[in-house]
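Heads up: the sequence lines are chains A and B, in that order.
One point on numbering: in the numbering used here, the residue at position 14 of the first sequence is 14, and numbering is uninterrupted.
One point on numbering: in the numbering used here, the residue at position 336 of the second sequence is 336, and numbering is uninterrupted.
Check before you lean on any hint, since a few could be wrong.
Given that identical chains are not distinguished, each listed pair holds provided it fits within a single copy or across any two copies.
To be verified - BS3-like, lysine-lysine: derived pairs with alpha carbons at most 25 Å apart:
| no. | residue 1 | residue 2 |
| --- | --- | --- |
| 1 | K4 | K53 |
| 2 | K231 | K318 |
| 3 | K4 | K27 |
| 4 | K25 | K4 |
| 5 | K45 | K281 |
| 6 | K231 | K305 |
| 7 | K231 | K309 |
| 8 | K305 | K318 |
| 9 | K83 | K340 |
| 10 | K4 | K231 |
Rather than coming from a laboratory, the hints here were simulated on the basis of the structure.
2 protein chains.
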Amino acid sequence: MMTKFSLFIPTRFIFGAGELRQLSKIKLPGKRALIVISSGGSMRKHGYVDAVKEQLWSAGVACEVFDKVLPNPIRKHVMEGAKMCRESQCDFVIGLGGGSSIDTAKAIAVMACNEGDLWDYIPSGSGKGQPFDHALPIVAIPTTAGTGTEIDPWAVITHEDLQEKVSFGFEQTIPQIAIVDPVMMLSLPPKLTAYQGFDAFFHAAEGYINRTCHTPISDLYALEAIRLLYKYLPVVVADGSDVHARCKVAWASSLAGMVETTSRTTGQHALANAMSGFYPKLPHGAALIALSQTYFKTFKNDSMKRYMKMAEKMTMQKAARPSDFLDALAIMQRECNVDKIKLSEWGITPADFSRFTECAIATGGTKFDYDPRFLNKEELIDIYYQAYR
Amino acid sequence: MMTKFSLFIPTRFIFGAGELRQLSKIKLPGKRALIVISSGGSMRKHGYVDAVKEQLWSAGVACEVFDKVLPNPIRKHVMEGAKMCRESQCDFVIGLGGGSSIDTAKAIAVMACNEGDLWDYIPSGSGKGQPFDHALPIVAIPTTAGTGTEIDPWAVITHEDLQEKVSFGFEQTIPQIAIVDPVMMLSLPPKLTAYQGFDAFFHAAEGYINRTCHTPISDLYALEAIRLLYKYLPVVVADGSDVHARCKVAWASSLAGMVETTSRTTGQHALANAMSGFYPKLPHGAALIALSQTYFKTFKNDSMKRYMKMAEKMTMQKAARPSDFLDALAIMQRECNVDKIKLSEWGITPADFSRFTECAIATGGTKFDYDPRFLNKEELIDIYYQAYR
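Only chain A is shown next, with the shape it has when bound in the complex (with noise of 0.2 Å):
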C-alpha cells in the first residue's frame, strides 16, 4: 500500500540569476525590516546589503540591520535581534546570508512575537517546548548553496551558557517568502563551495534512505538533487564562476531543503552535529563528508534498493549492487577534492567518540530512528572508529 503523506511548503520561492531584483517587485509582508547578517563583513564587503536596502527602498519599505551573527549562530543574538525587532517596530525579518543568518533570522522572528526566552519555546534538549502561535514573517535570501534553510522550517542555534546547539523548526519558521539568485553564490572559494554542496546533498540522500519519513514527494525531490549535485558539484567546484553550473547546484540545495521539509536527516547529521558541538571549527560539511562513506557503508544491505536507485541517478546507468552507491560517492568526493578529509586535521582523536556519540544520542536522538537499521551504541562508536583516519 501507498504511503499516507502530507505536502506543506509555502514558501514563495523565486529562482534565478539576477533575480534578486524581484525583491523590489513583489507583495513584502510588512513595511519595516529587520536585516539579519552575519559579523563577518562579507555580505557589506560584496555589496548585498547594500543590493537588497535599495530593493526595499524602492518597495518603499524601512529596514535596520543586525549584523552580529556567528558562524554558530547563538542565542544571546536572537535575543538581541529580537530586542532591535521589536524597538524599531520591525514587521518582518530578512535573513541575509548563510544558514547561521537564516536561522537567525527565524528565531528572530519568533522571539519578536513571544516573551520569555528562546529556549522556553524550543522543544528538544533543556528546551521548555511551550507553544506559541506567531512569529513574523521571513524573507531568506541564501548567499551559500548547501542549508537548504530558505525552503525548510528548520533553524541550528547554540545556547553560549549550556553549550547545547540544537536544532528545531515549526511551521512559523518556514519562510514566507526565499529568494535564490546564484549570482549571489559566485565568489564562493571552491572549499566552502563543496562542503555546503555535499551538506545539501546529504539532505537529499539521508532523506532518501530515511526508513520512517521518506514519501513519494520528498523521492522525488531527493533523488533530483542528488542527480544535480553529482553532475554539477565538481563542475562548480572547479569552476566557481560558472553560472550555469551554479544555478543548477543552487536550485539542488533548494530542492534538498524541500526534502527536509518533507522527509528528515538520519543519524549522519546527528554524528556530525556532535563533533562540530566539540569542535566549532569543523565544518559541517567537512564533518558529513568524513563520515560518509562508513555511515553509508553500514546500511547498504539495509535498502539496497534505494542506495541502487541513488547511484543509477548519479551514473546514468544501470546498478548492480548497493555499493554502487558507495562508488559514485567516492568518485563525486574525489572530483570536488574533499576525499582526504581526515577528522585529525581539526584535532579530534579516539578518545573523542564515546563523547561525541554520547552528545548525537542526546541532541539527535529521533534521527537515528531514521536510519535504515537502529543502531546501538556500541555500533554508533564503531562509525567514528571506521570513519578516522
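Keeping the supplied structure of chain A fixed, place chain B upon it in accordance with the hints.
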C-alpha cells in the same frame, strides 16, 4: 542559462487511503463551512457528505450544504452559493466531488467576499477583470482523479446567459487545504476513470512541452505524473477496486495539478474546451483523447528531446525518436480502452471545425502561444480534420 522561475504551492496537501479522517484533526480555517456538491446525488449516495459532516462535527465546525452544481458548472449557481454562504455566515468553503464542485467552491469563495457579479472579476472573455483582495479559504476534497483543481488555482465556469465557458484562477483560489483520499474514488466506473486519468496525463504532458512556462520544478512533477499514469491508469481501468493503483493514479493527478500551478496547459486544452463548449455532453477527457495523437504528432519535430524523455518515462526504455512518445501514448490508450473514440459519436461533424477553432482562439488564445510551435488558424482547423474519424 537555466531559466528563472518561481514556485508557490501553499496548499496543505494530505494524501492517503482513509485520510479523510484528517479533516477533523487539522486546524480548519473557520467555524462554519459551506459544503459544495453536485446536484447528481452521488455524494450523498456514497455517504461522502455524511462522512465530511461527521468530521466537521467532531472538529466543532458547523456546516451548510449547497447541492446544485451541474457537470458544467454555471455562474448562476456560483452567485446562489455565495449568497447562501454570506447569509449563513460561513467562513470557509469545502468543494467535495469532481472538478465542477471544487471549481464552483473556488468561485463561491471569491464571490462570498466581493460585491457584484463573478464576471466582474473574470480576467478573460467578456469578464471585467476587476482586482480583488480576499476570498474565503477553500478546502478541496476530490472524489475523482483528473482535474488537479485541488492543488491548482484554476476553475472553469460557464456564463449561462452568454454561453461563455471560461477558465480563470487567482492566488486566492489555490485551496488552502486539500485532502485526497483515494478510497473515495473506488466507485468511479472504468470509462470515467480513463477519461479523467487522461485529463491528468495531458495536464502533465502539455505542461512539459509548454515552450514558455515549463520550469525545472514543473518538469519534475510532469515526468513523474506521466510515468505513474502510464503504469497505473490501465490497472485502475481494468480493476477500479485496486486501492494501490487508485492511490498511484490519484497522486499522479495531484502532481499534474502541481504542473498546472507551475506551468500551463497548451493548445490541446483550448481545442478540446471549444468542442465541449458546443457539445456539452462530450466529456473533457474524451475530447482530449480524440485530439491527442494528431495534436502531439504536429509538434513531434519541435520538441524532440522532450517527446523522447516522456517516452522513456513511460516505456522505461531508451527512446530512439520523438514518435516513440506517440507509440507509447497509443499503447496506453489501447490498454485503457479509449483508443476508438470517435468525435462523430457526440454528433460532431466537419462543419463544426471552423467555429470550434474560432472559439478556441477567442477563449484560450494564450494557450496557443505555449505550443512548441505557433499554429495559424488553418493549421488548427487541420488538427480537428485529422483527428476526425
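A quick look at each hint next to the structure:
no. : hint        : verdict
1   : K4 / K53    : between (44 Å within a copy, 22 Å between copies)
2   : K231 / K318 : both (17 Å within a copy, 20 Å between copies)
3   : K4 / K27    : between (35 Å within a copy, 18 Å between copies)
4   : K25 / K4    : between (38 Å within a copy, 15 Å between copies)
5   : K45 / K281  : within (23 Å within a copy, 66 Å between copies)
6   : K231 / K305 : both (21 Å within a copy, 19 Å between copies)
7   : K231 / K309 : both (16 Å within a copy, 18 Å between copies)
8   : K305 / K318 : both (12 Å within a copy, 21 Å between copies)
9   : K83 / K340  : neither (44 Å within a copy, 70 Å between copies)
10  : K4 / K231   : between (32 Å within a copy, 20 Å between copies)
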